[in-house]
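Participant: The lines below spell out each chain.
2 protein chains.
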Amino acid sequence: MINRIALAGCGNVGTALLELLHEKKDELARKYNFHFEVTMITDLFKGTVADPDGLDLKEVLNQLHTCNSLKAIGEKEGSFEEVLLYSNATMLAEATPTNLETGEPGLTFIRTALKNGISATMTNKGPVAVAMEELLNLATENNAQLKYEGVIMSGTPLVNLIQTGLAGCKVLKAEGILNGTTNFMLTQMSHGESFDEALKDAQDRGYAETDPSGDVEGWDCAVKVSILSQILYGEKIDVKDVDRTGITDVTKEEVVQAKLDGTPVKLISSIEHTEEGKLIAKVQPIKVRNTHPLASINGATNAITLTTDNLGDITLTGPGAGRRETGQALLTDLIEMGI
Amino acid sequence: MINRIALAGCGNVGTALLELLHEKKDELARKYNFHFEVTMITDLFKGTVADPDGLDLKEVLNQLHTCNSLKAIGEKEGSFEEVLLYSNATMLAEATPTNLETGEPGLTFIRTALKNGISATMTNKGPVAVAMEELLNLATENNAQLKYEGVIMSGTPLVNLIQTGLAGCKVLKAEGILNGTTNFMLTQMSHGESFDEALKDAQDRGYAETDPSGDVEGWDCAVKVSILSQILYGEKIDVKDVDRTGITDVTKEEVVQAKLDGTPVKLISSIEHTEEGKLIAKVQPIKVRNTHPLASINGATNAITLTTDNLGDITLTGPGAGRRETGQALLTDLIEMGI
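Residue numbers (the numbering used here), protein chains in the order written: chain F, 2 to 340; chain Y, 2 to 340.
These aren't lab readings, by the way, just hints derived from the structure by calculation. There may be inaccurate statements among the hints.
One copy or two, either will do: identical chains are not told apart, so a pair holds if it fits within one copy or between any two.
[Unchecked claim] Simulated pairs of lysine-lysine, DSS-like, Cα-Cα distance not exceeding 30 Å:
1) K288 x K201
2) K59 x K288
3) K283 x K201
4) K116 x K288
5) K171 x K26
6) K283 x K241
7) K32 x K237
8) K171 x K59
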């Protein structure tokens, strides 16, 4: 059987997915019995192309790398739904830009796929933050699958760990370093850089945006805690209800002293399901005791410790960003949804 | 649909599985749509009981906890295969004692189940070490599943991580702390205990056996490396071909000094698939640089770092032993094999 893949959003992540699919075509067939064609690619700027028999990935990548556009391959006219149905896709990979207020344009794309019984995976936090429950129900109603490995910790397979690796375990509490930019900055500050120097360093390396408030004020972490709440407990916490403190008031002196004291400062995102059934969601810079699994996580790395009933503490550490890493999140979901 | 579970081996781990199944019956139905009955339990010392309609788990556990025997429930006569077929089991959980030379008695039990199209999960390293390839082929031929989450790192879901979480990634190299006893001993030695004091401490806590050679000479790690080779690369490495050095020649002075130097001594088990297609398998005490993800793993904890093509380094940390932890490994496999 052939899986026919549609891709919505062909920026860094979408292009990385296409590269991985192209590079690994034989390996995926051999190792996972996963056979595929890419039958549709749509991007707001680069155009829309589709072929139910499969696009020529080599030509597509050549066009993307040389012209940053797909228009020379031939523009396919029509609404997203029309082209999706024309392409005969069996699964959608969604990697459009994130809008946390509306979830668009990804939300509409995913709704359209699921309504037509087409499974979907996304790395886009927007649709998950806005409408996760609706989308999961829509998937069930239409006998389709919905996956979202990439929305937290990029390709580091946290969602898979929670949903399959720990099946049968109850996660009582999760504590994570879920924002690589601020963890990099705190690491640099522990080496003696000021907040501003560390921020500039993070910006120079492409970790932090020109407007860094999403990272340093803890909003990015708060969104992730809100999504984690859905994944772990099936309950939505509004981002505004996360008890959130960023790292803007943390000084170099504090960070250096804490490291000397053996209790390094980390921006910890946490969610806990109390015995009374209450959810406690926090994002806070914390002096972590040296024996804590997160104390030694430095640089732009992400890590999460899940405290469980049957296994005690399980910690997963890996990259939290990157185009290839996030493309890998889509790839692993596609393989799992495959036939 | 009801999954009918047979259990072979009702020692610490098997009993822990029964406890988990009993405690979590409602949760498993609700969260995973996993409905089950335990229809057979067999143990060399405690007896064999079977009921195709499902045994009364409360009564079974009561008998185990009060008499350490199942004989009062009524002994079911017949060969393993006869009772297994009578019990109408759809899946086997195998937790008999490990024999690394013959794989028995687990190997025969698993062969019998698979030949009859009954899926199996095991925590027993014996059958995997002796006949993994044969068993995987037998499973495929008979349209059954074979799982073995518990054979490395107990319930910490390493096998799941490799096989599903990292689907699409190539693992170039694995380096792990895969023996909790020796890691506990090295941690105690870094605090100033001698080898003998650390060993006694490990024995007092139930980590080390009276004859500790399997742990301290690195044999347990070598077996795990050999199994990892199968899981990661589908290639068998004989345990004797693992380049193996234990910790028997490691002194307190070395360990204390290495810790002061910021390069703690760890017993690292590793397997690497070189670009030339060669497998390099080692078990060695190594001074690990302080920034390595395994440097901060202390006590009886296990951890493994997988170096991958798409995600860089992924580290998974968790318990490597324990009755409830190993029972959880069986449970997660049963849920995944479930219908």
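Participant: Give a verdict on every hint.
Facilitator: We went through each hint and held it up to the structure:
1. K288 x K201: Within one copy only: 24 Å inside, 35 Å across.
2. K59 x K288: Close neither inside one copy (50 Å) nor across copies (46 Å); limit 30 Å.
3. K283 x K201: within (27 Å within a copy, 42 Å between copies)
4. K116 x K288: neither (47 Å within a copy, 56 Å between copies)
5. K171 x K26: between (37 Å within a copy, 13 Å between copies)
6. K283 x K241: Classified as within: same-chain Cα gap 11 Å, cross-chain 50 Å, threshold 30 Å.
7. K32 x K237: between (37 Å within a copy, 17 Å between copies)
8. K171 x K59: between (45 Å within a copy, 22 Å between copies)
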